[in-house]
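Protein chains in written order, with our numbering: chain A, 118 to 410; chain B, 636 to 898.
Source of the hints: derived by calculation from the structure; they are not laboratory data. No residue lacks a Cβ here, since even glycine has one placed at the ideal position from N, Cα and C. One or more hints might be untrue.
[Stated by the list, open to error] Far from chain A by the CB rule (all over 10 Å, computed), these chain B residues:
id: 1; residue: Ser753
id: 2; residue: Ala771
id: 3; residue: Gly851
id: 4; residue: Ala865
id: 5; residue: Met891
[To be verified] Dumping the calculated EDC-like pairs for lysine to aspartate or glutamate here, alpha-carbon to alpha-carbon at most 20 Å:
id: 6; chain 1: B; residue 1: Lys795; chain 2: B; residue 2: Glu759
id: 7; chain 1: A; residue 1: Lys190; chain 2: B; residue 2: Asp757
id: 8; chain 1: A; residue 1: Lys190; chain 2: B; residue 2: Glu759
id: 9; chain 1: A; residue 1: Lys407; chain 2: A; residue 2: Glu381
id: 10; chain 1: A; residue 1: Lys190; chain 2: A; residue 2: Glu268
id: 11; chain 1: A; residue 1: Lys371; chain 2: A; residue 2: Glu381
Letter by letter, the chains look like this.
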Amino acid sequence: MTHSARTGKAMTPDEIVGRLESGMTLGIGGWGSRRKPMALVRALLRSGVTDLTVVSYGGPDIGLLAAAGRIRKLVTAFTTLDSIPLEPHFRAARERGDFELVELDEAMFMQGLTAGAQRLPFLPVRAGLGSDVLRVNPQLRTVTSPYEDGERLVAVPALRMDAALVHMNRADRFGNARYLGPDPYFDDLFCEASDTAYVSCERLVDAAGGLAEHAAPQTLLISRHSVTGVTQTPQGAHFTSCVPDYGRDEPFQKAYATAAADPEAWGAFRDRFLGGTERDYQLAVQAWHKEQR
Amino acid sequence: MTPAGAGPAPKGRTVTRAEYCVIACAEAWRGGGEILASPMGTVPAIGARLAKLTFSPELLLTDGEALLIGDVPALGAASSVTEGWLPYRRHLTMAMGGRRHVMMGASQIDRFGNQNISCIGDWERPRRQLLGVRGAPANTINNPVSYWIPRHSTRVFVEKVDMISGVGYDSAAAAGPSATRFHDLRRVVSDLGVFDFATPDHAMRLVSLHPGVTLGQVRDATGFTLAVPAGDVPHTREPTDEELRVIRDVVDPGGMREREVRA
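Could you put the whole structure together from the sequences, leaning on the hints where they help?
Okay, structure coming up:
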């Protein structure tokens, strides 16, 4: 994309969501209830964007979008809140038959993202053979090795996306981004396997050296060439974890899961926390924590 | 703590059912070499740490997140020695490379070791949606796999699983040589006993009963016909005094094992 050398690619979350369209294939980074771009997901919930194909190692991003009826098709290996094994909105939506599911194994998913990033039609993987993944996803094909072994393997089709949303600890205004926690998850692959990619971050730092402090260069996971827009969203992964900036908000996640299990309680939760802006959300969470003391 | 039931405890010791389960899980990793022990669940986690502290010191362990730990802290305590980095993408690669023995859970498991953690009922419109297949398809055809089932019942030990997540012996055979090449289901440990697939057709076989458990109890709690060894069924082995000390004082001083297995 074109951008000014001065302003770079800085955008607001609403501007980012303004680039998304109904019917798109959307990748969401993070893993389970870890480093999910929740501020962008909340911005998405405020928008009218719907009918999405979502590609995600699923957590509450999937729960929230499913509860709001935004998902037409979900590509995933699991959806979990980690410390709470089953995501209640995901469960309820599946049990209602709300969306189409493409259920892949975790390793198949990784190979699909890799193929997407490398512009390959597929990558072979042993995973899936003998399992019901091939039964329930009959579009999955197998491929025979052209070498002497002649092995028959699963050909995982590339996961190629219109847009990716990821959340990082630090970024500069050109989209170079750094994770400071122990696990990159697959966020760089999500960005590289997407036509456009948007990075939210805890702190936007000075491009002239701000990313150099206190961390080894291999934590610079995402490079600006694969990023379309960047935005600062402090506490933007809340209530999922974004270590070392903050851990998962376990009490709040528990409140989310409890509310999600009951339609009336969910209505109240949604009105209190998701009815306003991101700032309203963060203030409502702070107020909620004060009440719990 | 709850006594294990019938059978005299040696030297006046009282060994709980949970502790027999820990021993049975630990044994799964014996002789594994320099591989990653991936335990899922409390009792397998204690078992893996016990194995590393006693008969399999070469095992690799993780902190449950992205680090390989060089020490063996108590369950729930922080590790103070890091010996490696194992984020998810490397963990998946390690599983595909075979240098790992995972002990997974199962919402359903059948006589040939097919396991389900995805959903109950019809996949198209499940009666109960569970986690999804997660890494079970890759795990089961790439690295050794065992299972831990803390509540043995006919709801879990079923004739046929609703969605094959982890691949059993019959399914791997049907899928051909690429599926069987590294397929290796080692054992199933439940709160009642230990099972393997060492029969001519790889049907699940009872290996040992935990002390205090009867064969009738196991049969009643299993939804398919189990292979049973001729003659008396052995009991799961006793922990040594040192192993009991390691379990109780070093790895699980908080007694978390007794909350997972209450029998």
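Okay, the hints, checked on the actual structure:
1. Ser753: 7 Å, violated
2. Ala771: Non-interface label fails for Ala771/B: nearest chain A Cβ at 7 Å, not farther than 10 Å.
3. Gly851: At about 32 Å from chain A, Gly851/B clears the 10 Å cut-off, so the statement holds.
4. Ala865: Ala865/B clear of chain A: closest Cβ-Cβ about 31 Å, beyond 10 Å.
5. Met891: Holds: least Cβ distance 15 Å, greater than 10 Å.
6. Lys795/B - Glu759/B: 17 Å, holds
7. Lys190/A - Asp757/B: Since the Cα atoms of Lys190/A and Asp757/B sit roughly 18 Å apart, the hinted pair holds (cutoff 20 Å).
8. Lys190/A - Glu759/B: Cα-Cα ~13 Å, so holds.
9. Lys407/A - Glu381/A: With a Cα-Cα distance of about 23 Å, the restraint between Lys407/A and Glu381/A is violated, given a limit of 20 Å.
10. Lys190/A - Glu268/A: Cα-Cα ~32 Å, so violated.
11. Lys371/A - Glu381/A: 16 Å, holds
Consistency note: the structure conflicts with the earlier hints numbered 1, 2, 9 and 10.
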